[in-house]
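Undergrad: Residues per chain are reported as follows:
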Amino acid sequence: GAVVSQHPSWVICKSGTSVKIECRSLDFQATTMFWYRQFPKQSLMLMATSNEGSKATYEQGVEKDKFLINHASLTLSTLTVTSAHPEDSSFYICSARAQGANPLYEQYFGPGTRLTVT
Amino acid sequence: KNEVEQSPQNLTAQEGEFITINCSYSVGISALHWLQQHPGGGIVSLFMLSSGKKKHGRLIATINIQEKHSSLHITASHPRDSAVYICAVYPIYGGATNKLIFGTGTLLAVQP
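Order-wise, the sequence lines are chains F and A. Just so we're aligned, residue -16 is where the first sequence starts under the working numbering, counting upward by one. Just so we're aligned, residue 76 is where the second sequence starts under the working numbering, counting upward by one.
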């Protein structure tokens, strides 16, 4: 089956620093990747939709200058949390949709990255 | 009211019991996902279905499009089934940029 990886699986950083999270589709090409965040005991919240070679589409209320998304290749999307603050501590999950996916709506989820900002 | 509702929110079962988790939604959909998330863990997609019934091992998922309802069944439950189970739907109105709408999840604890 299709595999999506994330790196790192967990990261601790100091307030004010930036952190980059990678999302890779290992055995398929992903034209679209989705970035979610999840707070404890809550469901996933979509942050942005990333299409290869174009700018990401951010959901309402998500600061695009704070959460930089780059989808430079068909197998890699990155999320950079800039000037991280403790309130950015969360579980970040990506998912990927395969190029030419049939059905169009099939998504594969990554294992998530736990970010802790101290 | 959420567009995707799950019940129950919490469920405790004894090992070996048959478990049912329900999902009701209020929008027209293209498909529905059942997802599993272990504590502190990532998301695993269990099923994606748009009609009928699917079975994988001890897991069975059914969907009734007319009634806007889906169920996830676990037969012969085991403590390792303890996890949060999330129902997520692809609304028809999303078109090619279909974004999932998530339920709030059902926390299942299976006791030995």
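Since the hints were made in silico from the structure, they are not lab data. No experiment lies behind these values; they were computed from the predicted model shown. Backbone N, C-alpha and C define an ideal beta-carbon position, used for all residues, glycine too. Don't take every hint at face value.
As the list claims (entries may be wrong) - Simulated restraints, written as ranges between beta carbons of each label pair:
| no. | chain 1 | residue 1 | chain 2 | residue 2 | range |
| --- | --- | --- | --- | --- | --- |
| 1 | A | R155 | F | F22 | 33 to 41 Å |
| 2 | F | T40 | A | S105 | 15 to 23 Å |
| 3 | A | P154 | F | P(-9) | 26 to 34 Å |
| 4 | F | S(-12) | A | T87 | 41 to 49 Å |
| 5 | A | G103 | F | L9 | 32 to 40 Å |
| 6 | A | R155 | F | V(-14) | 17 to 25 Å |
| 7 | A | E92 | F | H68 | 23 to 31 Å |
| 8 | F | T0 | A | Q186 | 36 to 44 Å |
| 9 | A | T87 | F | S(-2) | 36 to 44 Å |
| 10 | A | E80 | F | V(-14) | 26 to 34 Å |
| 11 | F | S(-8) | A | S105 | 28 to 36 Å |
| 12 | F | G(-1) | A | A151 | 18 to 26 Å |
| 13 | F | D48 | A | R155 | 20 to 28 Å |
| 14 | A | G103 | F | G44 | 24 to 32 Å |
Undergrad: Give a verdict on every hint.
TA: Here is how each hint holds up against the structure:
{"no.": "1", "hint": "A:R155 - F:F22: 33 to 41 Å", "result": "violated, 25 Å"}
{"no.": "2", "hint": "F:T40 - A:S105: 15 to 23 Å", "result": "holds, 19 Å"}
{"no.": "3", "hint": "A:P154 - F:P(-9): 26 to 34 Å", "result": "holds, 29 Å"}
{"no.": "4", "hint": "F:S(-12) - A:T87: 41 to 49 Å", "result": "violated, 33 Å"}
{"no.": "5", "hint": "A:G103 - F:L9: 32 to 40 Å", "result": "holds, 33 Å"}
{"no.": "6", "hint": "A:R155 - F:V(-14): 17 to 25 Å", "result": "holds, 21 Å"}
{"no.": "7", "hint": "A:E92 - F:H68: 23 to 31 Å", "result": "violated, 44 Å"}
{"no.": "8", "hint": "F:T0 - A:Q186: 36 to 44 Å", "result": "holds, 43 Å"}
{"no.": "9", "hint": "A:T87 - F:S(-2): 36 to 44 Å", "result": "holds, 39 Å"}
{"no.": "10", "hint": "A:E80 - F:V(-14): 26 to 34 Å", "result": "holds, 31 Å"}
{"no.": "11", "hint": "F:S(-8) - A:S105: 28 to 36 Å", "result": "holds, 31 Å"}
{"no.": "12", "hint": "F:G(-1) - A:A151: 18 to 26 Å", "result": "violated, 51 Å"}
{"no.": "13", "hint": "F:D48 - A:R155: 20 to 28 Å", "result": "violated, 43 Å"}
{"no.": "14", "hint": "A:G103 - F:G44: 24 to 32 Å", "result": "holds, 26 Å"}
Checked against the numbered hints above, the structure violates hints 1, 4, 7, 12, 13; every other hint is satisfied.
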